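Following the hints, complete the assembly by docking chain B onto the known chain A.
There are 2 protein chains.
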Amino acid sequence: MDRVNIIYRVERNANIRERAKAIAIEQSVEVPLAAITKQRVLDEIVGRVERIEDLPDGAHRVTISLATETIGGETAQLMSMIYGNISLAEDVQILDVDLPDDLLAAFPGPRFGIDGLRKLTQAHGRPLTCTALKPQGLDSDELADLAYRLALGGLDMIKDDHGITDQAYSPFAERVPKIQAAVARANRETGGHCAYVPSVAGGPRKLREHCRIVKEEGVDAVLLIPMIIGLPVFQEMTAEWLDVPVLAHPGFGGAQRMAPPLFFGKLLRLFGADAVIFVNHLGRFTWPRATCEATAANLTGAMRHVKPALPVPAGGMTLDRVPDMKQSYGEDAMFLIGGGLLTARDNLLARCREFVEMVKQPVAA
Amino acid sequence: MDRVNIIYRVERNANIRERAKAIAIEQSVEVPLAAITKQRVLDEIVGRVERIEDLPDGAHRVTISLATETIGGETAQLMSMIYGNISLAEDVQILDVDLPDDLLAAFPGPRFGIDGLRKLTQAHGRPLTCTALKPQGLDSDELADLAYRLALGGLDMIKDDHGITDQAYSPFAERVPKIQAAVARANRETGGHCAYVPSVAGGPRKLREHCRIVKEEGVDAVLLIPMIIGLPVFQEMTAEWLDVPVLAHPGFGGAQRMAPPLFFGKLLRLFGADAVIFVNHLGRFTWPRATCEATAANLTGAMRHVKPALPVPAGGMTLDRVPDMKQSYGEDAMFLIGGGLLTARDNLLARCREFVEMVKQPVAA
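So the sequences go chain by chain: A and B. Quick note on my numbering: the first sequence kicks off at 1 and runs consecutively. Quick note on my numbering: the second sequence kicks off at 1 and runs consecutively.
Hints in this document: simulated from the structure, not taken from any laboratory. Careful: at least some of the hints might be erroneous.
Which copy is meant is left open, because identical chains are indistinguishable; a pair holds if it fits in one copy or across any two.
[What the hints assert, rightly or not] In silico EDC-like pairs for lysine to aspartate or glutamate, Cα to Cα no more than 16 angstroms straight-line:
hint	residue 1	residue 2
1	Lys119	Glu174
2	Lys215	Glu18
3	Lys38	Asp141
4	Lys360	Asp346
5	Lys38	Glu50
6	Lys326	Glu240
7	Lys38	Asp145
8	Lys119	Glu50
9	Lys206	Glu174
10	Lys215	Glu357
11	Lys119	Asp145
12	Lys21	Asp98
13	Lys360	Asp98
14	Lys38	Asp139
15	Lys38	Glu142
16	Lys38	Asp346
Note that the coordinates shown come from a computational prediction; the quantities given were computed from them, not determined experimentally.
Chain A extracted, bound-state conformation:
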């Protein structure tokens, strides 16, 4: 029977063997072994401590294996088994998961992936460019006007700020058709292929309703916030509800206890994100460069049948960061600059064009 290996960081512990055993039990049968009367449960279902290694800072790297049969290829149960109860323990962070073939096979992953996004935007041989409609508080007409001007600037994708959802001042059903029309008008004028990416969020009822509008309006792609709408909902939407590419937003993804390369790089791709936004180093957030690059590597590396997803480094990026981002991420990325374009105010069009040109230039050797 296949087993999934889960790697945890456990804070320094004089009894690390006992602690590791306790974690293996917590994440599987969740009872003292003395309470188990069935031999098959003891043999196969109880988690196994596979390895304990010491980390340079005195903490431990503990590998636990679980029977994939306890997960059954289900998103909710996968999250429960790999980091359900033990997420409540202050000394345990999750670093990585090694998914065996039978578990991988249950997840289709991105439907479009990098190739699909390039086909949609006709952007080849270079990183894609993206910006965000901001700030919330603008009405639908103001957002549509802003989107029109950004699309004229030659960007590949324009997403809603994730804070723009269905507020009274720019309700989804009113905003999306207007912005979609504005971007289409700009595309007709420029001959470009800019895609508008509205933010879809809420409970199942609202998600269904907004997916219907997306389809009716011929919207090209959508933005979802997996941790807020729920990972099983996200997975079901990418696999079954939507037939356009999905950008994943990192909101509520509080990375400190789940290693970003695992959560943003591996799991969101597994659950079907075609592109994943994450915070780049040297922006408003303080992730180390190595963490960001490892996240991108997990998004694009080989993973059986699962298509590569596009890394989207973001979070306070400005034009002067473009050369560095090209060094870090190469061609297969999308650079997202929001406020760094909008601060140009009346010079917005020129700043957009400058951004687009910088991205098109080859990386200096």
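Positioned in the frame of chain A, the structure of chain B alone reads:
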């Protein structure tokens, strides 16, 4: 216009005023103020720093206010606004949220609450008793037999272990009718009112299907894992999909850095949990006693129209912890002991009865 106050813990920062302003911007307009051309957005939508206090350990307690109009009474947007992007910042944890009346009014909260759970189980004037069916890996008949024996022991509620979902060895559609029938049989024999609480988890399709089975089988209450299924889904299910009480399981709830009294005490109640399981001090987890008691206080305290929800301290509890739990939580709680009963093996019935009797005894003065 009403505003919601959000209180963050921010790690020691020499420029805390600037940091607080940056947090207020991140959680509202998410652009540099220079990019905002509309006066109403600057006046009302941009987050405000209301207060900065120093904490004894050198960190800061920062209060930010946001216009409730940016939230619109929607669960997903509430989470996004109070702890969306800023959850990605290593120096910011969320401590509390002060919800104004217009926002509170949008959330019905628990439909049954403490009174509803007491009515269901006919347990009055004392804490309720609860246990969990474990371990996963047992088949449906074995789980039903275990449930029968536990119900004979006089417990008020028997929940599925949250790890028991829809695995091949005990599929939901097979397991739930069998366990429900076994508990009903025990109730007929004892004259008791023990309620079986199956775990419902998955994406929307599976959730719908399992809710249908719950209804058809006349199940009395269900267990949901809000952080795993998604908070907006959880809220919609409690308000619209289900007509039985809901126990919230804390799984995956530590992946965020949210103060437990806020998340487990205030938000899950707001989103409709009738009872909330959280980890008690001195069990397998290491939350301080004060954190646990503050969580319980938030679950039961006054909150306008929102009914009190039942605190369920758990996580490695044993019979000898009962007197201490009674001191901490008083009557309005449910004590959940899982493994601590199951380790009795052949003496399970006697151990259950002992637990029930201990809970019924008055607290020593």
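- Query: Okay, which hints does this one fail, numbers in order?
  - Reply: Checked against the structure, the hints that fail are numbers 1, 2, 4, 5, 6, 8, 10, 11, 12 and 13, while the rest are satisfied.
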